[in-house]
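Numbering that gives the first Met the number 0 puts the first residue of the sequence shown at 0, with every later residue one more than the last.
These are computed hints drawn from the structure, not numbers from a lab. The reader is advised that the hints may include incorrect statements.
Pairs of lysine-lysine, BS3-like flavour, derived with a Cα cap of 25 Å [unchecked claim]: (1) Lys182 / Lys324; (2) Lys84 / Lys182; (3) Lys182 / Lys214; (4) Lys182 / Lys155; (5) Lys186 / Lys155; (6) Lys42 / Lys214; (7) Lys83 / Lys186; (8) Lys84 / Lys42; (9) Lys78 / Lys186.
These numbers come from a predicted model, not from an experiment.
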Amino acid sequence: MNILNYAVLSLLRSWQKQVALIVIYALVVGFYASVVFFTSSLKTETSQTLQDLPPLWVQQLQGGRLVPMSVSLQDSISKIRGIKKVFPRYWGYFFDDATGAVLTVMGSDFPNEEIGFLDFNTESKNKNGILVGTGILETRNLQLGDFLSLNDANGKKVSYEIVGAFGAKSDLLTKDLIILPIKEAQKIIGLQDSLCTDIAVEIYNPEEIENIGEKIDARFSSLRVVTLAQLSSTYQTLFSWRGGIFIYGSLLSVLAFLLLMWERASGLSSNEKKELGILKAIGWQINDVLFLKLTEGAILSITATLLGIVLAYIHVFVFNSPILKPFLVGWSVLYPAYELQPFVSLGDILSVFSLSVVPYLAATLFPAWRGATTEAADAMR
């Protein structure tokens with residue numbers, strides 16, 4: 000009988016205790032893995048959706064607050080050397096009384112087929128047709144071809160035909176989004192014809208983004224320059240900070256569990272001591288005993304870790320992370336809910352294994368060595 004088979008049989012002799020240990024261990028690992036999977040997926044999806052934004056845009060500030068800016072500023076900005084294209088953007092927020100959600104309104108005159116993330120649409124000759132995120136359809140119980148009623152800035156109710164919708168892959172960016180023709184968007188968010196929300200800037204050489212941003216900042220003191228890199232860094236920092244709080248908490252839980260296992264393993268029971276004494280009496284060496292205990296520890300820790308990873312995946316990507324999401328996504332009570340797309344990297348898996356398996360094996364090594372170095376006669380006495 001080889002050591003692996005003996006280790007399995009040894010664990011099965013006290014299977015009830017081992018099952019209880021694996022369940023508790025898996026729950027602790029599952030909580031930590033849930034935080035890792037959630038924050039990693041959120042960062043990845045955010046990074047992917049931000050790629051379609053312009054590399055740089057400028058905003059008008061007044062009293063430290065964002066205010067509408069003159070469309071005519073795009074002519075002055077476009078004269079700066081290195082700028083490829085300048086175009087105004089029209090967007091704002093709309094509080095939906097019917098659902099209590101805060102929606103994002105954006106104006107665009109691009110043909111539907113030129114707008115990214117659009118998974119499906121219907122043919123319509125309605126020039127005032129709108130595109131909506133899946134959250135709008137869900138919260139209003141609407142379908143393509145139905146009409147969505149909104150109140151404009153003057154309180155007048157206006158209805159628009161829904162001619163297209165975005166798919167679930169872009170939910171992080173488009174779940175609460177409504178795209179209207181520019182003129183209609185201006186009515187909803189209260190923009191005059193000569194005003195826009197901000198101005199986007201495209202640049203020939205990506206390496207010159209910071210330099211051109213500094214030129215705009217120096218020439219227009221009342222404008223704030225925002226780069227895509229800055230926005231991406233802000234989101235990454237925000238998610239890392241929120242996720243870090245729970246990661247530290249789960250780390251403490253894992254360490255507390257490992258300390259408990261260390262205390263339990265440090266005091267070998269009389270039956271375990273007799274077993275080690277018998278093994279040494281029949282010719283087992285110290286390294287054989289150590290390998291046996293490490294094998295038992297590996298079976299337990301790997302089984303619990305795999306179970307914890309499965310539980311974490313189900314919790315985050317199947318049940319939409321009901322435990323963590325309210326804390327990690329602070330604005331979810333205002334915006335329509337969205338589901339993260341499943342994403343788990345090899346680095347995430349290795350991170351979970353390195354925290355759960357390696358320390359557990361280390362915690363079993365010292366008591367196993369102490370038992371292996373005990374004389375056979377003393378162990379069986």
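To see whether the hints hold, each was checked on the structure:
no. : hint            : verdict
1   : Lys182 / Lys324 : 37 Å, violated
2   : Lys84 / Lys182  : 22 Å, holds
3   : Lys182 / Lys214 : 31 Å, violated
4   : Lys182 / Lys155 : 15 Å, holds
5   : Lys186 / Lys155 : 10 Å, holds
6   : Lys42 / Lys214  : 31 Å, violated
7   : Lys83 / Lys186  : 30 Å, violated
8   : Lys84 / Lys42   : 29 Å, violated
9   : Lys78 / Lys186  : 30 Å, violated
Of the numbered hints stated above, those contradicted by the structure are hints 1, 3, 6, 7, 8 and 9, listed in ascending order.
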